[in-house]
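Protein chains: 2
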Amino acid sequence: MTSDRFLKACRREPVDRTPVWFMRQAGRYMKEYQQVRAKHSILDVCKTPELAAEVTLQPVERFALDAAIIFADILLVLEPMGLELTFHEQKGPVILNPVRNQDDIGRLRRVDGEAFRFSAEAVGMAKTMLGGRVPLIGFAGAPFTLASYAIEGGSSRNHVTTKQLMFRRPDQWHVLLEKLSDGIAAYLQNQIQAGAQAVQIFDSWVGCLSPGDYKKYVLPSITSLIGRLKPAGVPIIYFGTGTSTLLPLMRSAGSDVLGLDWHVELDEAWARVGFDIAVQGNLDPVALFAPLPELKCRVHDILQRSGNRVGHIFNLGHGILPQTPVEHVEAAIEYVHAYGTR
Amino acid sequence: MTSDRFLKACRREPVDRTPVWFMRQAGRYMKEYQQVRAKHSILDVCKTPELAAEVTLQPVERFALDAAIIFADILLVLEPMGLELTFHEQKGPVILNPVRNQDDIGRLRRVDGEAFRFSAEAVGMAKTMLGGRVPLIGFAGAPFTLASYAIEGGSSRNHVTTKQLMFRRPDQWHVLLEKLSDGIAAYLQNQIQAGAQAVQIFDSWVGCLSPGDYKKYVLPSITSLIGRLKPAGVPIIYFGTGTSTLLPLMRSAGSDVLGLDWHVELDEAWARVGFDIAVQGNLDPVALFAPLPELKCRVHDILQRSGNRVGHIFNLGHGILPQTPVEHVEAAIEYVHAYGTR
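In order, the protein sequence lines correspond to chains A and B.
Take the first sequence: its letter number 226 is residue 247 in the numbering used here, and every next letter is one higher.
Take the second sequence: its letter number 222 is residue 243 in the numbering used here, and every next letter is one higher.
Rather than coming from a laboratory, the hints here were simulated on the basis of the structure.
Keep in mind that a hint or two might mislead.
Since copy identity is lost for identical chains, a pair holds within one copy or between any two.
Unchecked claim - Calculated cross-link-like contacts (lysine-lysine; reagent style DSS-like; alpha-carbon spacing at most 27 Å):
id	residue 1	residue 2
1	LYS52	LYS251
2	LYS236	LYS112
3	LYS236	LYS68
4	LYS236	LYS317
5	LYS60	LYS251
6	LYS68	LYS317
7	LYS317	LYS237
8	LYS317	LYS60
9	LYS236	LYS148
10	LYS251	LYS236
11	LYS112	LYS251
12	LYS112	LYS317
13	LYS237	LYS52
14	LYS237	LYS112
15	LYS68	LYS237
16	LYS251	LYS317
17	LYS52	LYS236
18	LYS317	LYS148
19	LYS237	LYS60
20	LYS112	LYS148
21	LYS236	LYS60
22	LYS148	LYS237
23	LYS237	LYS251
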C-alpha cells in the first residue's frame, strides 16, 4: 500500500485520486502526540531523532494520508546561526538575543549541513519507518518569516521592528535575508540528502506586507533560495497566509507548488496564478470543528473548484489547531478520498 | 478655515485637494493624549463627555486634518446590552461574561438611544468645540466583529469559538447578529442625531473569513444595518482589514465609502469594487515609521494610484500605532496636501 499521488500532483502528473495531507498533522490534537509531549519539550522532540521520527509517523499510522512531514520547527535553523531559542507555554517561540542592527546581523554565523545532523538523522529514521508507504516532506521557514522572528524576538502582531529595519536600512535588511537564505538552503539541502522527497517553505508572516514591499524586500531572496534548491530535483512548495494579493508575485519565485490559504477561493486563485503551477490547499482549519455534514460540503466545494485538474494537493489553509476533534480529521480525509477519486 | 472636503469626497463630489484623516488619530502616539490617559482609564475617557470631546479635538488642533472622529471604543455598545467590559493593559479588551449559547444570546438586552447618552453628549460637545472647522465622524463596531469579541471574550487569533457557533448553530448565530445590529443601529443613530456628520463601521476581524462564509454569515446583517442607517442621510464608511478577497461582497452591503487596508493596491482594488463607490485608505500604518523621503514616496504612490478620481479619502490601512513618531504623522498630512491638490 504505497502512495505516490502527492509527488505526482506536485509535478502536475495525473493521479487516481486527489492526494491529501495536513499542515501540523503531527500535533496536539492527537493523544499519541500529547503522550510524547508530556515527557519531552518541543525542542527535545525536534532534536531527538527517535522522537521526531516517532511523532512524524503518528498521523500516518492513524489516517490514510498521502504524505508525511518531518516533525520540526521553522525556527530551528536560527540556533546554529547564533540565536537563542526557547518556547514559552503562552507566548510561543521566544528569541532571547534578537537581531536589531548591523552588528547583530554581522554576528550571525554561516552554517553548513553538520549543524543539522539531528535533522538529517530524524529524516533518515522517519524515512526508514515509513518504508515507502508515503513520501516524506522536509520543511523550513522562509527568509522573511525567519527575519521577522529574529528581529521581533518572537511572534508579532504588527511587525513594526521588522519593517523599521526594512524601511530604514534596506542595505542591512538584504544582508540579513541573504544570510538567512544561506542557512535555510543548507538546512533544506541537508534534509533532501537525508531522504526528504519534497520540501515546503513556510512564509507564515509574509501576509503583513503590501505587494510593493513584498516585491522589493522579499521576492529577491525567496527567488534565489528556490533557485538554489531546484538542482536537488525534489518538488518545492511555497506557502504563506494572508497572501491573496501576493500570489502572482509568490508564483514568480519559482516553486513547483503554491500553498493557498482559505481567504481565497481555490478556482479563482488558481486561475490568477495560472493553471501551469500546482496548488495546495485550502480548507479553513476551523472548518474541522464544523458538524460533519457541513465539513463534507466544504471538502466537496474545494474539490469541485479544483475541477479535477492535474496538480491539486488537498490541505488546510493553515496548520491544524490544537483542539481539533480527531474524528473530524479522519472524516475530512475520507471525504477527500471518496469525492476526489477520478 | 473650514473644510468640507471629507464629506464631498464621501459623496464623490469634486474637491480642491484630497481630504485626509487617520484612524485612531487621537491616541497614545500624542503627548496630549498620554497626559489625559495618565489620569483616566480608557473607559473613563470614553464615558466622560468632556474628556472624550477634549481628546477628539487634540489631533485636529495639532494637524491640518480634514475630519475629526469621536473618541470612543467599538465595544461600548456591548455594555448596555449586558456584557461586562474591562480593558487589560496587555490583553486589551476583555468581556467577563462572554456569549456562548442560546441562553446567553437570549439574555442580551435590546437598547435604545438613552443607553448612549454619554456618547451623544460627547458628540455634541466635540461638535461645538470644532465650531464647523472640520466634520465629525461617529463610529461603531460591525455585527461580526462585535459578535467575535462577545463570543471569544476578547481578541482572538483564530476565532475558533466564534466560527464554531456560526457553523454549528447558524440559527442562533443569525439571532445574535440581528440583536447586535439593532444595538449598533441605535448607537449610530444616536450619534447622528447628536451631530455626527458621517459614520464609520469597523469590521476589524472580518478578514478571518472566506468569501463564502462572509456571504452566508455576515453580509445579510451588515446590509440590513447599513440599510437602516441610510435614511439618516449621512455618509456611511465600511472598513475591515485582511479583506482583499471580500471587497466586492463588502461593496454590495451598500455603504457610501469602502475602507481599504494596505494589502491591496488602491487602483487595483478600486477598479475591482467599481469607481462608482468612494474609497478610503490605504497607507501601511508602519510606513509612518519610515524615513521621511520613503514616507513621501509612499504617500505619493497612493495619491497617484487614486488618479485624482472623485471619491478618494486618504487614510491609513488600519489605526495609528502607539509608538508612531508624531512628526511623521504631521509630515504625511503635509505630503497629502502638497501632492493631492488639484
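> How do LYS148 and LYS237 come out at 27 Å by Cα distance, when the copy is not named: within, between, both, or neither?
Replying inline: neither (39 Å within a copy, 44 Å between copies)
**Prompt:** 27 Å Cα cut-off: does LYS317 pair with LYS60 within a copy, between copies, both or neither?
**Reply:** neither (36 Å within a copy, 55 Å between copies)
Is it within a copy, between copies, both, or neither that the alpha carbon of LYS236 lies no farther than 27 Å from that of LYS148? neither (37 Å within a copy, 44 Å between copies)
Within, between, both or neither, where LYS317 and LYS148 count as close if Cα-Cα is 27 Å or less: neither (32 Å within a copy, 54 Å between copies)
Item to complete: Evaluate LYS236 and LYS317 at a C-alpha cut-off of 27 Å and name the case that applies: within, between, both or neither.
Response: between (38 Å within a copy, 19 Å between copies)
Since the copies are identical, ignore which copy is meant and state whether LYS237 and LYS60 lie within 27 Å (CA to CA) inside a copy, between copies, both or neither.
Neither: 45 Å inside a chain and 44 Å across chains, both beyond 27 Å.
| said: Regarding LYS112 and LYS317, is the shortest C-alpha distance of 27 Å or less found within a copy, between copies, in both, or in neither? | reply: Answer is neither; intra-copy 34 Å and inter-copy 36 Å both fail.
Practice problem: State whether the alpha carbon distance between LYS52 and LYS251 is at most 27 Å within one copy, between copies, both, or neither. | Solution: Neither: 37 Å inside a chain and 53 Å across chains, both beyond 27 Å.
For this session: Could you place LYS237 and LYS251 in one of the four classes (within, between, both, neither) given a Cα distance threshold of 27 Å?
Result: within (22 Å within a copy, 42 Å between copies)
Given a CA cutoff of 27 Å, do LYS68 and LYS237 count as a within-copy pair, a between-copy pair, both, or neither? neither (35 Å within a copy, 45 Å between copies)
Indicate which option fits the pair LYS112, LYS148 if close means a Cα-Cα distance not exceeding 27 Å: within, between, both or neither.
neither (33 Å within a copy, 43 Å between copies)
| For the identical chains here, do LYS236 and LYS112 meet the 27 Å Cα criterion within one copy, between copies, both, or neither? | Intra 30 Å, inter 34 Å, cutoff 27 Å: neither.
Hints 1, 2, 3, 5, 6, 8, 9, 11, 12, 13, 14, 15, 16, 17, 18, 19, 20, 21 and 22 from the earlier list are contradicted by this structure; the remaining hints agree with it.
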